[in-house]
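Produce the complete structure using the sequences and hints provided.
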Amino acid sequence: MIISASRRTDIPAYYSEWFSNRAKAGYCLVRNPFNPAQVSRISLLPEDVDAIVFWTKNPAPILPRLDELERYRYYFQFTLNGYPKELEAHLPPLEQRIAVFKELSRRLGSRRVVWRYDPVIVSNRTGFAWHREMFSALCQNLAGHTVRVMTSAVEYYKKTERNLSALEGFVFDKAAVKSPAMEGFFAFMAETARRAGMEVFSCAQERDYSAVGVRPGSCVDGGLINELWGLSLPVKKDPGQRKFCLCAVSRDIGSNDTCISGCRYCYATKDHERAKERYRNHRPDSEMLVE
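Residue numbering for the sequence shown follows the working numbering, beginning at 89 and increasing consecutively.
Just so you know, the hints here were simulated from the structure itself, not pulled from any lab data.
Hints are all accurate, no fakes.
Ranges of calculated distance between the beta carbons of each label pair, as one might list FRET restraints:
# : residue 1 : residue 2 : range
1 : 221       : 135       : 44 to 54 Å
2 : 247       : 173       : 15 to 25 Å
3 : 253       : 159       : 42 to 52 Å
4 : 279       : 159       : 35 to 45 Å
5 : 279       : 126       : 43 to 53 Å
6 : 254       : 181       : 18 to 28 Å
Here are the computed lysine to aspartate or glutamate pairs in the DMTMM-like style, where the Cα-Cα straight-line distance is at most 25 Å:
#  : residue 1 : residue 2
7  : 331       : 249
8  : 325       : 287
9  : 364       : 174
10 : 246       : 361
11 : 325       : 136
12 : 247       : 379
13 : 358       : 249
14 : 262       : 249
15 : 358       : 294
16 : 112       : 379
17 : 190       : 279
18 : 358       : 375
19 : 324       : 138
20 : 324       : 287
21 : 190       : 156
22 : 325       : 294
23 : 173       : 359
24 : 358       : 243
25 : 173       : 361
26 : 112       : 375
27 : 358       : 174
28 : 358       : 326
29 : 246       : 294
Fair warning: this is a prediction, and the values are worked out from it, not measured in the lab.
Beta carbons: idealized from backbone N, C-alpha and C, even for Gly.
Here it is, written out as structure tokens:
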């Protein structure tokens with residue numbers, strides 16, 4: 089069993105004490121987001137867990153607890169975009185997050201820290217020229233500290249579009265998602281990353297960008313887990329994920345509307361005020377992330 093921690097929230101940033109407590113207890117409880125009355129008990133015993141995939145934009149709070157995780161196989165999906173503060177309101181400064189990325193890579197190795205430049209949002213303030221400059225700068229900073237990059241064009245779900253449209257001073261280019269310019273940018277990413285010793289993979293994209301050097305990839309990557317730890321896990325697509333998602337089957341232990349980073353484009357947080365309330369009510373000693 090692979091544990092996803094978590095697509096729904098940033099456990100390393102905001103709930104590392106809870107995760108530490110649940111790991112010591114050997115289990116956690118998770119409420120089904122589509123059927124709240126259904127609660128599952130998920131084992132966190134090392135003998136039951138093939139690997140853990142941590143998703144985060146700021147793993148600094150979990151760094152002091154890494155020694156506690158030595159019983160597990162795990163890697164990180166670490167998002168670094170460098171967007172203006174209006175889009176990522178409550179994250180630490182970019183320079184600080186880059187330093188944390190490097191420290192995490194130093195401790196785990198470059199193959200266990202996957203960089204997410206994701207999602208690609210095109211606007212009057214973050215056009216393709218802006219993305220080229222930002223991605224190039226981040227590649228220079230992260231060279232030698234990672235070998236894999238995940239990316240995708242933003243999905244304009246109703247909640248995402250609503251949260252983005254409320255921003256003053258931004259005009260978002262929805263047509264850019266499927267434009268030739270997006271393909272051109274992915275080609276630029278592939279070549280820029282290659283020169284920095286990295287390979288770019290796409291995340292849940294309808295279009296295949298392999299021709300420009302960006303192969304379809306998976307974030308919960310059974311193949312990568314097998315490579316890293318010499319396992320032979322079945323690499324089976326998770327039927328519960330989006331149509332074009334290639335992630336392996338996993339159990340997610342997070343909860344929607346609990347991340348307080350305030351990223352306007354977030355797919356898992358519909359209401360930032362509700363997320364803050366749930367965060368305030370969170371108890372690190374609870375069996376469940378939020379009651």
